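2 protein chains.
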Amino acid sequence: MTALLSDLPPVTRDLTPLFDPSSVAIVGASDDPGKYGNWLAVRALRGRRPVHLVNRSRPTVLGRPAVPSIAGLDLAVDLAVIAVPAAAFEAAVDDALEAGVKAIVGITAGLGETGGEGRRRQEALAARVQAAGACLLGPNCLGVLDHTSKLDLTVNDFPVGDIAVLSQSGNIAIDLAAQMTTHGLGVSRFASIGNQADLDVADLIESCVEHDGTRAIALYCEGFRDGRRFVSAALRAHQAGKPVVLLTVGRGTASARGAASHTGSLVSSDVVVQAACEAAGAENVSSPSQLADLLQAMVRTRPPTGKRVAVFSDGGGHASLASDCLEAVGMRVEEFPEALRKAVATELPPNATVANPIDVAGAGEQDITCFTRVAGHLVASRDIDAVVMTGYFGGFRDYSDELAVGEVQAARDIARAVAERGATYVSHTMFPQSPAAQALREGGIAVYRNVETAAWALSRLGQWAAREPHGVPQPHPAANAVTQAGYWSARMLLADAGVPFVAAAEVATREELRIAATALGFPLVLKALGDEHKSDRGGVVLGIRDQEHLERAWNDLQDRLAPPTVSVEQMADLTDGVELIVGVRQDPSFGPIVLVGIGGVYTELLRDTRCALGPLDPESARALLLSLKGAALLTGYRGKPAVDIDAAARLVSTVSHFAAAHTEISEVECNPVAVTPRGVTALDARIILAR
Amino acid sequence: MTALLSDLPPVTRDLTPLFDPSSVAIVGASDDPGKYGNWLAVRALRGRRPVHLVNRSRPTVLGRPAVPSIAGLDLAVDLAVIAVPAAAFEAAVDDALEAGVKAIVGITAGLGETGGEGRRRQEALAARVQAAGACLLGPNCLGVLDHTSKLDLTVNDFPVGDIAVLSQSGNIAIDLAAQMTTHGLGVSRFASIGNQADLDVADLIESCVEHDGTRAIALYCEGFRDGRRFVSAALRAHQAGKPVVLLTVGRGTASARGAASHTGSLVSSDVVVQAACEAAGAENVSSPSQLADLLQAMVRTRPPTGKRVAVFSDGGGHASLASDCLEAVGMRVEEFPEALRKAVATELPPNATVANPIDVAGAGEQDITCFTRVAGHLVASRDIDAVVMTGYFGGFRDYSDELAVGEVQAARDIARAVAERGATYVSHTMFPQSPAAQALREGGIAVYRNVETAAWALSRLGQWAAREPHGVPQPHPAANAVTQAGYWSARMLLADAGVPFVAAAEVATREELRIAATALGFPLVLKALGDEHKSDRGGVVLGIRDQEHLERAWNDLQDRLAPPTVSVEQMADLTDGVELIVGVRQDPSFGPIVLVGIGGVYTELLRDTRCALGPLDPESARALLLSLKGAALLTGYRGKPAVDIDAAARLVSTVSHFAAAHTEISEVECNPVAVTPRGVTALDARIILAR
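So the sequence lines, in the order shown, correspond to chains S and H.
Residues in the first sequence are numbered from 148 upward in steps of one, following our numbering.
Residues in the second sequence are numbered from 148 upward in steps of one, following our numbering.
The hints are simulated quantities; they were obtained by calculation from the structure and are not laboratory data.
Keep in mind the model is a prediction, meaning the values are calculated, not measured.
Honestly, I wouldn't trust all of these hints.
[What the hints assert, rightly or not] In silico DSS-like links for lysine-lysine, alpha-carbon gap of 27 Å or less: (1) S:Lys-454 / S:Lys-489; (2) H:Lys-297 / S:Lys-776; (3) H:Lys-776 / S:Lys-787; (4) S:Lys-776 / S:Lys-454; (5) H:Lys-297 / H:Lys-454; (6) H:Lys-182 / S:Lys-776; (7) S:Lys-182 / S:Lys-297; (8) H:Lys-454 / H:Lys-776; (9) S:Lys-787 / S:Lys-776.
One chain only, chain S, in its complex shape:
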């Protein structure tokens, strides 16, 4: 955690020996066609580089001379791929380092992923690699490939292209490559990241930022060694104009297990990854197909700067369907202004629909150039932000040879007009493998088989482009560690940090209660302390109006719960107010995660919460609050006055800085926080210390 909180700038490691080595050794090369060392050697030998085969017991492999150890080679070797049995792996790495190898790909499994002793040995090995000035990919990985340097040290085929694929699973990488192929996309580099003993996903992203052949980065990652380094690297890629799309697993509640507070249970691993992506300008998807679908839009389509979409169809059904799909993802299909309607109408027969959605109503069969002409009006219009062409286009070739030629020409002409105007244009066709669809893709237009996918990708593209990634905030560690976690101590620590609370006193006796009540004034609240589930167990009495009521409440609490002490507090005036939950959870990989939500019973029932990497400045906290579904409750809903959002944002910022400074605290929570038009007050506080 400490390293993660430092202000050190990221160091970009030179991975040339990994992706473009001058020579390669295959350690564990084999003649056995059932072995990885065979498959790798066969493919390595197809390349243009010198390849040395290493086999402990055989003088020849694949009909070529082999040496028993890499140290036995006279020549310097840049990269060693090690595919030997687990028991021999560490010795093989040490041999390679001794021979001056600069990069190692560890295929062998059975080390760090077995936990405990294996993990300790893996860490020691990585330290030796680093001390030697080398780098290690894996172990437990499937190899590396770079089409731009003609390096292929994998066992699967990847289509050539400009997307870097960094994956912790071989099968997911194959899946992804297949999905990309249907979109005419391919791979610049592939790295199987394995156990990330030395090189982690952040290092590999950094190297792709520098790599000319890579235009975007596709990432499948099951675990982040250092989440904030990932955010930092992904943000660098984003700023370099290289989109990063991330697929993770473990979206469920695994990370929330063992959480003690509501905040803890609400900050699940998917929420943390989402917060990290928002900080990095990366996009987080939930399947290989989504990853490929979004990447296609990112590399082909100019992001829309607004939500007004023209639907351009050659059939009423697809026109309506596209409109529905677009509206379902938050885009708008509104009637065109008259000038545009008229312009479109001049290109189409009278039975066509031209108001948006456009239905050319059979005009395509009569004159395929109507597509080009209508598209010309659409891409030139300032009244729309994007065009979705949907339906049959691509299938007109079945009508006649003339239409087949004309259709491809129309596709090229549309693509040219889109490029010239810098327009946002995506297409759906039932015939995605047709020559016309191919011409659209070649011209730089994203093509989807399903219109809901086209709509989704367009919308996500717009959301992505509209983000202002705030990067990795740097917490400043506090001088003194927190050691007490009770309610009263949490309240005082947070009040000291600047969180406003109502006036209160901790009392142990009836006499102290009376004095405190007199000092504070009615109405009052009593809270039985010594039990962190006080509200669930009836340990909180609200709205105590007078002395008699106070006595009754005190007696009842003593009878039922016999608390060691009681907190007596002024009752906050909640008129026109909204309850919030504000909390921070320390994530082992991503550090402090700030959570805000609309509170009360809805917090858990409806999960109207949002998270961000902490700490947050008040401005970012305000933006987070306003991104809640129920934000309208804060800004003044149905005639109610707006609450003091700035004060709430300051409170969130204060809590986030406090938590980020205290990594010994695993969870901090103010729940509820009352925010009214008159200000903000925390009504409860909780601190959970890390075990």
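Following the hints, complete the assembly by docking chain H onto the known chain S.
Here is chain H on its own, set in the frame of chain S:
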């Protein structure tokens, strides 16, 4: 509306002349290869039936004799397809009827869909068709096809299979057929429903219920002539074991435009269609791909009876991904009990993961029969409700010829075990077109290319099977129509119907106010009447505690709003209560739609509302309330007592029967309704009369 509310049983029309005619006439047959009458004639002539060509001006068409009018044929003709210019269409229909034709397919467009006069003439034409004892498909349709009777009167190719496709769009039908083809599914019948002038979607569904060659029904419908007849027909299909899946458009807010109440604005067209599908046991999807994906599961997979899924993978990435996808759609991937874990472990190498998800960890390459053996344990287990096999299976053929053969055999063996055990088993593979995937499909196992789709389809299948469709409730019209719509009149009408309200009085003067206040007792509520937006405009004063407060509130209302009258009401005790919204909107096609929701500001912000076809009995109303996302608020949340759900359900039922009996009312609403542990009370009421 009146017809729809009748108790008449649906009449199944004999559509044999449409789907299996003894002879066919093509009216408007043409030699011009750019014309529909040409395409239809060419395809019709390929069939086995006598085909007669009719052309007004040419003695031969396609080298065969043609007659100028269908009446000119000596022979009786069962079915006439009419593809003539719009101006000649009605005369051609009349000619056909005169010649004794029993079924007509109207291709010609330009009649009912143009509205106004065209619609009137279309209605008259349909009446003439019915009077002649014939039936009419269309007009403005694309034809009809029945692979079981070898009838093809369309212009597109549809793969042979056992799914009936009824579609209001030709392109959507083509799209759908292509999507079905990728799943190895095909079409039994296709009918293009067009304007539904005579035969509507309900008639066509009814005919498919009787049709032996049809196993399921895929429906694309843009508008329902009579929504309740659709529900009735779809329910019959459901009860006959023929699943119905519906794709509609216009999911947006179109139908909600012009709504006066909250209920009105919340009952959008997608909500109405969803309610109709729930009543019918049909499933409502949002794209052609979803339709095909769900149909595949429906015709191949036994619905799961629970949510416990075994994930069976050949790679860690897909194992985790499948688990995430399943949990995201509400299924559960839980650790296996020890016995099952051990049984699975006996079939796999020690590095395999066997606790769920299962990762065979490379065992497939070594011995492909491990898939069959593990699957055998899974389908025999009572501890799981479904299996999702995911990942690489289908791709092992690339390793060796032996594996290629073994993989197909494994697929067959798995399919046999699934069938024998009656298990629920779906699969995802990166190689959906592989021989092994094909063998899975042939053996009756649904195969998907994307694991999120497999998870979604499995979950939807389970939801569908768990529904208890309640069919079409029959409203009983009231004797007297409602003509007054003010607050006080709405309150009295609903109170008469049995809706509990707090005691109240309508007063116009300070003197009347004083008398009423004395009779009712404090605390009180004042509502300024004469304005239906009273709460938005500050016309409601809550919590009036005493005479002085009452005077002040009265003066303030008079000063600001000068209402003609004021309602003075007892203030309800809302302790431990929940606010509900209860309303009914008359839909022009589907009749009374009942809406319930958790009320307060959340109604609109979070849209926690549910709808059903009305009227509802108290039991159905209770089920609807309990299907709300916030149902936990009703059943006792975090230590709070449960509210009186039965009383709330009775109120919903009462309001629904009242609204259903009064079709002159377009919207009825009680908002809020307070339901507490002590009972239920409506706190406001509103009636909007139909214009």
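Tested hints:
Our distance criterion of 27 Å between C-alpha atoms is met by Lys-454 (chain S) and Lys-489 (chain S), whose separation comes to about 22 Å. As the CA atoms of Lys-297 (chain H) and Lys-776 (chain S) are separated by approximately 55 Å, the hinted pair breaks the 27 Å bound. Annotation: proposed proximity of Lys-776 (chain H) to Lys-787 (chain S) holds, straight-line Cα distance about 26 Å (limit 27 Å). Of the pairs offered as hints, the one joining Lys-776 (chain S) and Lys-454 (chain S) holds, with about 19 Å between alpha carbons and a cut-off of 27 Å not exceeded.
Between Lys-297 (chain H) and Lys-454 (chain H) the CA atoms are separated by roughly 42 Å; this puts the pair beyond 27 Å, and the hint is violated. The hinted pair formed by Lys-182 (chain H) and Lys-776 (chain S) fails the criterion: a straight-line CA distance of about 53 Å is larger than 27 Å. Among the hinted pairs, Lys-182 (chain S) with Lys-297 (chain S) is consistent with the structure: their alpha-carbon atoms are about 23 Å apart, no more than 27 Å. In summary, the hint linking Lys-454 (chain H) to Lys-776 (chain H) is supported, as the alpha carbons are separated by about 19 Å, within the 27 Å threshold.
For the suggested pair Lys-787 (chain S) and Lys-776 (chain S), the alpha carbons sit about 17 Å apart, so the restraint of at most 27 Å is met.
Hints 2, 5, 6 from the earlier list are contradicted by this structure; the remaining hints agree with it.
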